[in-house]
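Engineer: Top to bottom, those sequences are chains A and B.
If you want our numbering, it's the 1-based position in the first sequence plus 1411.
If you want our numbering, it's the 1-based position in the second sequence plus 2.
Take these hints with a grain of salt, some might be off.
[Said to hold, decoys possible] Distance condition first, Cα-Cα at most 30 Å in a straight line; then the derived DSS-like pairs of lysine-lysine: (1) 151/B <-> 2152/A; (2) 160/B <-> 86/B; (3) 1843/A <-> 1917/A; (4) 2124/A <-> 53/B; (5) 86/B <-> 2124/A; (6) 86/B <-> 2078/A; (7) 53/B <-> 2020/A; (8) 2020/A <-> 86/B; (9) 2124/A <-> 160/B; (10) 124/B <-> 86/B; (11) 1674/A <-> 92/B; (12) 2020/A <-> 124/B; (13) 160/B <-> 2020/A.
Treat the hints as calculated values from the structure; they're not laboratory data.
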Amino acid sequence: MDEFQEILQDFLVESFELIEQLDQDLVELETRPDDLELLNRIFRVAHTVKGASSFLNFDVLTHLTHHMEDVLNRARHGELVISPNIMDVILESIDLMKALLNTIRDTSADSGIDVSGCVVRLDLCTKGYGDVEVPAAQPAAPKAAEKVIEEVVQEEVSSGDELDYDNMDADELEAEIERLLNERMAEDKAKRASKLSSSSASKEDEDDSEQEYEPIVNIPVAVTPARKPASMRDDSDSMDDARAAAPAKKQSTVEQTIRVDVKRLDHLMNLIGELVLAKNRLIKINDDVEERYEGESFLEELNQVVSIVSIVTTDLQIAVMKTRMLPIGKVFNKFPRMIRDLSRELNKKIELEIFGEDTELDKSIVEEIGDPLVHIIRNSCDHGIEIPAIRLEQGKSETGTIKLKAYNEGNQIVIQIDDDGKGLDVEMLKRKSLEKGLITEKEADNMSDKEAFGLIFKPGFSTAAVVTNVSGRGVGMDVVKTNIEKVNGIIDIDSEIGIGTSMKLKIPLTLAIIQALLVGVQEEHYAIPLASVLETVRISKDEVYTVEGRSVMRLREDVLSLVHIGDIFEVERILDSSEYAYVVVLGLGTSKLGLIVDTLVGQEEIVIKSLGEFLKGIDGIAGATIRGDGGVTLIVDVVAIMDMAKHVKSTALIDTTSDAAMLTHEKTKASDYTVMIVDDSKTDRTIMRKALEPLGVTLVEAGDGQEALAILKQGDYNFDAMLVDIEMPRMDGYSLATEIKKYNRYKNLPLIAVTSRTGKSDRMRGVESGMVEYITKPYSSDYLMSVVQRNINFRSEFLK
Amino acid sequence: MSDKLKQIIKKQTQKENENLDHADDVVQLVGFIIGDEEYAVPILSIQEIIKPFPWTRVPQVPKYIVGVFNMRGAVIPLIDLRTKFGLSPKKHNEDTRFIVMREGDDIAGFVIDRLTMAIRIKKSDIGPAPDTASGDDTAIDGVGKQADKIITILKVKKLLKRDF
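One chain only, chain A, in its complex shape (with noise of 0.2 Å):
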């Protein structure tokens, strides 16, 4: 059972890939019925499943299969020519074939699907399009080819060990057995068309083929016509030619390509982030080791290695991240037989042009953007190109052009769709949102063009003025929004009535990695993705006006409405903010917005991780990022955020409610009152724990300027003064003062600076960063004392 399933798997994906070429080789063909490779390539296709089917007992589909291969049999030998009626017959059938193959994936079974009808349309076109000795000529393929069989899995239980169809499975088989009928055709047609035969060449070919190499193939089909008529051959000589074929099919079909779960690759993927993240501390520790150590020998050494790791996790990343790369071709390949059908259907003349198919995409995106592309051509069929006798009327050409051009700009990718149809009325377009209720007389009047023309993305939709079966039911355009947004892409339109419309979808390569603007608010990063940045912009607090409730701000000509991102992810405002805060200008296709932010950290490429399922969902959250240094930095969502943006309440940009009150804490003893020593010495501190031990205060001593900020988030003390140390490692005395100045609640703290720089300079820097007191070593305790006495408002009756 395992291994039967194993071979349908097989079947199923090799019959998809198949058909998938089918399609355009089909509308190919309708314009060049006379192309014998490209018959003959859809032959193989229909054959081949059929060999397959027959031999995994799908009865059904071995029956229209073989209805199929008869009429393209026929049609090979130019005894029939391909109508567009024969061409709607065997496309029918191909669809259903589909059909049958998707029951098959999905039930392992062909049941359930009457193909009767359609096996009936094709018998008629083999028969009665066909000329007269239709009888007798049908079936000799298909038995030709099945004796074939029957020859060779023969010889095949005779002289196995001889033979290396051993080695083959029944499709390569099949294949093969193709290959061979394909020859013996061409060599009757190349015999019929001329008689000439060059006995040499004939000699050379079988000498060729009695060694079992494969020159065969490189003989030029002309050149052996001196051949035996197929029908006449005997069985070794079809067998020579058998082996002669196997190796070279072997050389030239050996794909140099392997099939790979997408679920292997994208552990290859996880895998690689965080090797990258890995590498990204690598650097780090190494440039810390590099401070430490200045002057080392080994620090070269560690140099050399930690820049190589880094470019090869690199070029590893780009691997990976390529090998999840599919050319757009994929999606492309199934307009031509959409746009065939539907200028049958619509009664238009239109013509598909195609360029750029090799462009890659990462294969998440592959996948989300063939529906919205359905939608977008099916409009421009639609609703776009006019019928033949309108275009003649207007001096264009009777038939339409639609042109869909895929190309590499940037870090995006652009999918451009034009065609040269009526294009969009921008009056129209606002006279029916009017009437549908979209938008109102006011903003019809303000609209711009452009803004006119993304109307058509509108929920609700439609501006076919006649609900067709092709489109406008007045869903569509609006999913094509959803759906190329959720890949972080943007829409464009231009159009110009008469003329044509332009649609440009603009797409970023990958999914899984992005360009990301880091931003600061109090404490804590977001990363937003730079493809919706517009601008930064440096702005003082008295240039934000509050319009309705709104904070708005004027940006050149424009009047930007503002949010700050500290209200829409309820960030608690600890720290002071700054005079100055930064707008970042979002942009999402027409609409802006301006996020106040605290600081601008800086752009990355981030490796877009989700939050799982317990926290999916988030507004606002598109997602999690992992940086250099282990933390978790979230990535802002701005879809969401554009439309949070309109019910968040704004809130004033300066806090007026610092709580003080925690600093007024009633003291009731002398050690109510707390004091922290910062100091990188020992000797030092014990020296001020020992000045101060007599007040009775509490005492809290810190070895340098980190450890004290830690200390102080931390809030386990009501802190009322604190002793720093200018020169201390890790953080100074002076970047602890401007740190501590920073939250609210330690603004009044007094800061004492005790030190042995007694350069004027030094004082000043103490008193910019904010200190209060400068303390010169060496001090007298009293003198400790008294200053710290004074800076705490120590109550006299404590002392003892």
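Starting from the known structure of chain A, arrange chain B on it as the hints suggest.
Structural biologist: Relative to chain A, chain B alone:
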């Protein structure tokens, strides 16, 4: 002689059976303290126990979800069981641990006050959840009775389920 041998063999098989029964009947749990209560979860549902490290706050979620953290490249939600069980939040100290629990694809880290120990408890010593806390809604799987105390056994599946 042969009787003796038989007896010994019989004894041995009996012992083996006993052992088997024993293994069958015992559940292994990991106990931890939240507030004043001791709780436990099956040892097999625990992926790892780690010391607290920095996490990132996530907006628009209930208070008991403190944020997300990075565990070797995976972004994992962090849930404070104190808050979830209606206790007042407490500063993390050196006893605080994150227990990462997994069930199928669902995974999350839980902040607990203190670990106690790995517990082996007989199935027969586990009673059902009290009536007041039974039903589909409860996170209590049962109550394990031990010599000197009782332990509340939690449903990992329920803990990992999003309920907002």
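Engineer: In ascending order, which of the hints set out earlier in this document are inconsistent with the structure?
Structural biologist: 1, 6, 9, 11 and 12
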